[in-house]
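Participant: Sequence:
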Amino acid sequence: MPSSSYEKVENFYSEQVPRRIKMFINGDKRVERAWDTVERYAPLNPQNILEVGCGIGYISYRMSCTWPQAHVTGLDITPVYIETANKLFGSPKLDFVTGLLQNKSFELKFDLIVFMDVYEHIEAVQRLDVNRKLAELLEDGGKIILTVPTPRHLDWLKENMPHIIQPVDENISLSVVEKLVEDTKTQLELYKEVDVWRIGDYAHIVLKKSKTMIDVEKVPKESSDLFLGIKNLLERRKRDQKRKYVRDRLGYNIFSK
Numbered sequence: 084m085p086s087s088s089y090e091k092v093e094n095f096y097s098e099q100v101p102r103r104i105k106m107f108i109n110g111d112k113r114v115e116r117a118w119d120t121v122e123r124y125a126p127l128n129p130q131n132i133l134e135v136g137c138g139i140g141y142i143s144y145r146m147s148c149t150w151p152q153a154h155v156t157g158l159d160i161t162p163v164y165i166e167t168a169n170k171l172f173g174s175p176k177l178d179f180v181t182g183l184l185q186n187k188s189f190e191l192k193f194d195l196i197v198f199m200d201v202y203e204h205i206e207a208v209q210r211l212d213v214n215r216k217l218a219e220l221l222e223d224g225g226k227i228i229l230t231v232p233t234p235r236h237l238d239w240l241k242e243n244m245p246h247i248i249q250p251v252d253e254n255i256s257l258s259v260v261e262k263l264v265e266d267t268k269t270q271l272e273l274y275k276e277v278d279v280w281r282i283g284d285y286a287h288i289v290l291k292k293s294k295t296m297i298d299v300e301k302v303p304k305e306s307s308d309l310f311l312g313i314k315n316l317l318e319r320r321k322r323d324q325k326r327k328y329v330r331d332r333l334g335y336n337i338f339s340k
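If you use the working numbering, the sequence shown corresponds to residues 84 to 340, in order.
Hints in this document: simulated from the structure, not taken from any laboratory. Warning: the hint list may mix true and false statements.
Here are the computed lysine-lysine pairs in the BS3-like style, where the Cα-Cα straight-line distance is at most 25 Å [said to hold, decoys possible]:
1) Lys292 x Lys192
2) Lys176 x Lys187
3) Lys105 x Lys321
4) Lys268 x Lys292
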């Protein structure tokens with residue numbers, strides 16, 4: 084990525100910190116649907132987890148709480164995101180680092196790598212380098228879990244809500260997924276369209292590095308509407324606690340800005 088483009092992207096995300104913190108406090112339907120897939124399809128008892136594009140670090144923190152035996156690394160290109168993540172969620176089992184995935188060196192491999200609404204923000208010309216890095220970093224038996232907007236949803240957004248389009252927002256078509264599978268030497272375990280705000284607006288993708296054919300797995304059934312309603316109610320009740328947590332960690336009230 085040219086330096087001017089990199090700076091444009093970094094500046095864009097730097098301005099998003101208050102919005103991201105409010106999303107953490109108030110909750111986000113898209114993130115919750117993505118989390119359901121991460122939790123359902125993650126390897127059993129992962130030991131080393133990498134989140135690419137971790138933002139302010141909430142999902143990395145959530146994975147650290149869900150799998151306390153694991154060491155979690157959150158990676159993002161935006162220094163202010165990493166600074167905020169360390170203030171909010173830093174712990175001995177959770178590292179936050181700045182940089183581009185394809186340029187980073189890691190001392191270990193990962194059995195779970197997560198891209199939560201991130202892969203579409205990688206320039207097409209950078210994908211091969213990213214894919215090769217993933218092949219290098221993924222442990223045998225490990226999984227890559229991605230969530231992305233479907234191409235028709237992204238096209239709709241570009242037409243109807245262009246103000247929310249990010250500096251890099253690429254269509255992740257089936258052919259792009261197929262190339263990702265090929266480059267990472269993985270098998271496609273899941274490709275599923277998910278209804279978040281509109282029918283089929285997001286795709287959830289799971290790849291597994293396996294030398295044998297993947298067995299049919301018994302996956303928990305989708306949560307019922309009643310269960311999701313109760314879950315959302317409990318999340319709303321946690322907002323005040325989250326608001327206080329952020330205020331105590333950062334030293335200011337995000338909603339006063």
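Participant: Please work out if Lys268 and Lys292 have their alpha carbons no farther apart than 25 Å.
Facilitator: Cα-Cα ~7 Å, so holds.
Participant: Does Lys321 sit within 25 Å of Lys105, going by the straight-line distance between their CA atoms?
Facilitator: holds, 13 Å
Participant: Within 25 Å, alpha carbon to alpha carbon, are Lys292 and Lys192?
Facilitator: holds, 12 Å
Participant: Does Lys187 lie within 25 Å of Lys176 when you go C-alpha to C-alpha?
Facilitator: holds, 19 Å
The structure fails none of the hints (numbered hints given earlier).
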